[in-house]
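**Q** So the sequences go chain by chain: A and B. The first sequence: position 353 = 353 (the numbering used here), numbered continuously. The second sequence: position 137 = 137 (the numbering used here), numbered continuously.
In case anyone wonders, no lab produced these hints; they're calculated from the structure. We put the CB at the ideal spot given by N, CA and C, even for glycine.
So the derived label-pair ranges between C-beta atoms look like this:
| # | chain 1 | residue 1 | chain 2 | residue 2 | range |
| --- | --- | --- | --- | --- | --- |
| 1 | B | Asp33 | A | Arg327 | 16 to 24 Å |
| 2 | A | Ser101 | B | Ala202 | 39 to 47 Å |
| 3 | A | Ala292 | B | Val316 | 38 to 46 Å |
| 4 | A | Arg330 | B | Phe285 | 54 to 62 Å |
| 5 | B | Leu206 | A | Arg330 | 33 to 41 Å |
| 6 | A | Ala362 | B | Leu206 | 21 to 29 Å |
| 7 | A | Ile93 | B | Phe285 | 26 to 34 Å |
| 8 | A | Ser101 | B | Arg212 | 40 to 48 Å |
| 9 | B | Ala14 | A | Ser332 | 30 to 38 Å |
| 10 | B | Arg212 | A | His303 | 47 to 55 Å |
EDC-like, lysine to aspartate or glutamate: derived pairs with alpha carbons at most 20 Å apart:
| # | chain 1 | residue 1 | chain 2 | residue 2 |
| --- | --- | --- | --- | --- |
| 11 | A | Lys203 | B | Asp33 |
| 12 | A | Lys203 | B | Asp27 |
| 13 | A | Lys74 | A | Glu131 |
| 14 | A | Lys74 | B | Glu288 |
| 15 | A | Lys74 | A | Asp132 |
| 16 | A | Lys203 | A | Asp4 |
Chain B regions said to be covered by chain A (calculated; three or more residues, Cβ under 8 Å):
| # | stretch |
| --- | --- |
| 17 | 7-15 |
| 18 | 26-34 |
| 19 | 55-62 |
| 20 | 270-283 |
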Amino acid sequence: MRPDVVAWERAAEVREAAEGWRRAGAIDTSTYDAIVNAYPDPCVTPSAVWRVLTAVMVTAIVLCTLGALALATKPEATAFSLLLLALGAAALIVTERLEASPRWARRGAAGATAFWGGVFVLGGLALFLSEDRRIPWERTLQIVLFASALIWAASCWRWGSPVFAGLSAVSLFLVLGRLPFGRVLWVLIGASLVGLVARLPDKPGGAPSHRCSAMVLLVAGVAAVYGSLNVYSLDAYLLERFQKYTPSHPVLPSWRFVLGAIATAALPPLILLWAWTSRRVVLLDTSVVLLALSLVTLRHYVHLAPLWVVLTASGALLIVLALAVERALRHSPGGERSGFTADALFSDERRQRIFQTVPVVAAFTPAAAPAAATEEKGFAGRGGTFGGGGASDRF
Amino acid sequence: MNPDVVAAIGRLRADTVLSGPQAAFFDRVARRDLVSIRLEIRLLLYVGVLLLTSGVGVLVVEHQHEIGPLAIAGALGLAAAGCLVWVARHALPFSWRAVESPNVAFDYVLLLGLLLFASDLGYVEAQFTMLGPRWPHHLLIVGVIYLLAAYRWDSRVVLGLALTTLAAWRGVSLSVMPGPLAPHGTDDLRANAIVIGLIYVALATLSVRLERKAHFEEVFGNTGLLLVLGALVSFVLESSGWGVWLGALVFIAVLVMWTSFALGRSLYFAEAVVAAYVGLLRLLFAGEASSLAFLVAALLGAGALALIFAAHRRMVER
Chain A
1 MRPDVVAWER AAEVREAAEG WRRAGAIDTS TYDAIVNAYP DPCVTPSAVW
51 RVLTAVMVTA IVLCTLGALA LATKPEATAF SLLLLALGAA ALIVTERLEA
101 SPRWARRGAA GATAFWGGVF VLGGLALFLS EDRRIPWERT LQIVLFASAL
151 IWAASCWRWG SPVFAGLSAV SLFLVLGRLP FGRVLWVLIG ASLVGLVARL
201 PDKPGGAPSH RCSAMVLLVA GVAAVYGSLN VYSLDAYLLE RFQKYTPSHP
251 VLPSWRFVLG AIATAALPPL ILLWAWTSRR VVLLDTSVVL LALSLVTLRH
301 YVHLAPLWVV LTASGALLIV LALAVERALR HSPGGERSGF TADALFSDER
351 RQRIFQTVPV VAAFTPAAAP AAATEEKGFA GRGGTFGGGG ASDRF
Chain B
1 MNPDVVAAIG RLRADTVLSG PQAAFFDRVA RRDLVSIRLE IRLLLYVGVL
51 LLTSGVGVLV VEHQHEIGPL AIAGALGLAA AGCLVWVARH ALPFSWRAVE
101 SPNVAFDYVL LLGLLLFASD LGYVEAQFTM LGPRWPHHLL IVGVIYLLAA
151 YRWDSRVVLG LALTTLAAWR GVSLSVMPGP LAPHGTDDLR ANAIVIGLIY
201 VALATLSVRL ERKAHFEEVF GNTGLLLVLG ALVSFVLESS GWGVWLGALV
251 FIAVLVMWTS FALGRSLYFA EAVVAAYVGL LRLLFAGEAS SLAFLVAALL
301 GAGALALIFA AHRRMVER
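Model the full structure from these sequences, guided by the hints.
**A** In structure tokens form, the structure reads like this:
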């Protein structure tokens with residue numbers, strides 16, 4: 001990343017923290033102004049709505065430009081691949097220009113041009129290799145995935161977007177999954193990635209966006225190790241399905257099954273322990289997701305109880321657990337225990353509450369009533385999916 | 001740890017911008033010696049409610065004949081009542097202004113109680129056919145109950161659910177299920193969506209003007225605009241006489257953009273820009289897609305981008 005961009009990001013980090021302190025009433029306006037003056041940030045930083053809107057419109061412009069050029073020139077496959085490569089290169093150059101300007105760097109436009117630049121280059125490469133060079137599709141895919149890992153990694157290194165770090169990690173693990181011994185490579189590379197990036201988020205030298213990208217890579221590494229060792233993934237040969245020629249899979253040897261079962265049971269608590277001791281919320285969230293996946297895996301192999309019992313009991317358990325944690329933290333001295341608190345601290349509660357409306361409404365809104373409400377009844381989802389209760393089957 | 005903020009706190013303390021206690025507390029948070037898990041607790045509660053209501057749904061579907069309708073209806077009613085009694089006992093007194101939740105679980109217990117109530121009502125209606133052929137009216141009852149609960153217990157989440165449930169009663173789906181705003185919806189349903197959307201926008205205006213739960217304005221306004229603009233876009237894309245609808249869409253979109261300035265609402269502005277752009281694409285691609293159409297669409301996008309930048313520069317967001 002350019003040194004001036006890193007400096008802007010650092011200033012923005014401090015200003016954002018100060019904004020949180022002010023919102024929580026921990027500092028007054030004059031202190032906030034003093035902090036803002038001490039850490040000037042020349043960048044224009046619109047809110048998320050403006051950034052998404054800008055990215056959407058830039059996407060429309062880029063895609064329409066491609067459409068116009070493609071229809072005007074009506075190119076053959078090779079020429080079209082060159083057009084894609086040229087347009088991709090142009091988009092990447094525009095990104096570099098935008099990122100260098102404090103007026104444009106954080107408006108959402110640079111992110112969109114960088115993304116489409118990468119997509120066009122990869123699309124052009126795929127088309128060139130398969131149509132012009134006549135390289136078999138399987139090999140082309142392997143090359144493109146490898147190029148994808150490199151391009152997104154370079155984009156992340158240069159422009160610092162955590163999204164690109166995630167795309168790079170996904171591409172890398174897809175490449176590895178298609179190699180012989182892909183599962184072993186997932187474990188080895190995943191564990192190496194975790195070891196490599198685990199300390200980066202706390203390192204003073206790095207750019208803030210690189211630290212955020214390191215967290216994404218950390219989660220990707222943990223997910224890769226878990227995905228390769230999960231007993232269902234082993235039993236169903238999930239990763240081996242990425243490979244070109246999938247041999248017929250024998251029944252999983254019992255020792256591998258047992259090892260997989262142990263790993264499935266042990267990994268989530270280990271990650272939870274790590275999260276607890278390091279107090280990294282991202283790892284805490286990851287461990288909870290992995291724990292849920294392990295319980296689903298357990299349910300797949302061991303039918304402890306009927307589905308409704310499992311759903312109801314786990315739902316009730318989660319609610320009780322959440323309430324117990326909140327109560328325990330609330331009644332601890334200073335409202336904290338082992339460095340954790342249920343207070344909002346300096347996060348934006350108002351924004352969180354607005355965002356929580358969307359998933360609730362999406363999940364629990366009943367299906368619309370039919371236009372002519374004279375249909376045969378049964379307790380049907382049409383009159384409301386279980387009255388909005390979350391299920392969608394008929395009674 | 002956030003090393004940049006840690007370093008800044010040290011500097012600000014040295015410059016006496018921050019007091020000692022302030023710097024010590026901020027430093028603990030920046031070093032991750034103190035971490036908030038409030039969002040995680042909320043997520044657990046949300047997933048818990050989702051799983052619990054799904055489990056109840058599966059139970060009723062799979063075992064209704066063994067358990068019997070009265071037992072099911074009674075059990076659901078009791079569970080709903082239990083949740084709502086807990087909510088009533090813990091709630092703060094009613095106010096037309098924003099009321100803080102007494103604790104983090106409050107919103108979710110309220111949600112669970114209302115969902116169980118809705119399930120119970122739907123089940124009772126299905127089993128005992130009290131409304132007969134007008135059975136979708138149970139959605140009206142559920143929607144009104146949600147609305148009352150949202151006002152009494154000051155819940156934006158429940159208000160959002162009330163608005164989408166009332167829209168569902170009129171056949172308009174804002175859920176991920178296919179609905180009239182998806183392709184192939186009928187003109188009647190689109191018209192319904194416009195009328196409901198306009199009512200919601202009017203309620204958003206009234207809530208601010210009368211200072212009655214003024215903070216509900218965003219939920220009313222965004223839901224209403226989604227319905228109105230979505231239905232108009234749907235008319236433009238699907239209807240044979242789309243020219244008139246395009247005119248209406250552009251007029252409404254410009255009106256919304258203009259109004260969003262006065263209100264300082266960027267989301268309203270964004271919804272209007274996207275709707276107008278999609279509508280105008282219909283004009284460009286009415287015939288066969290040509291390179292000129294794509295070029296004009298790209299230029300139109302550039303124009304929209306210029307508008308967005310100008311608007312952002314001038315709008316005072318609230």
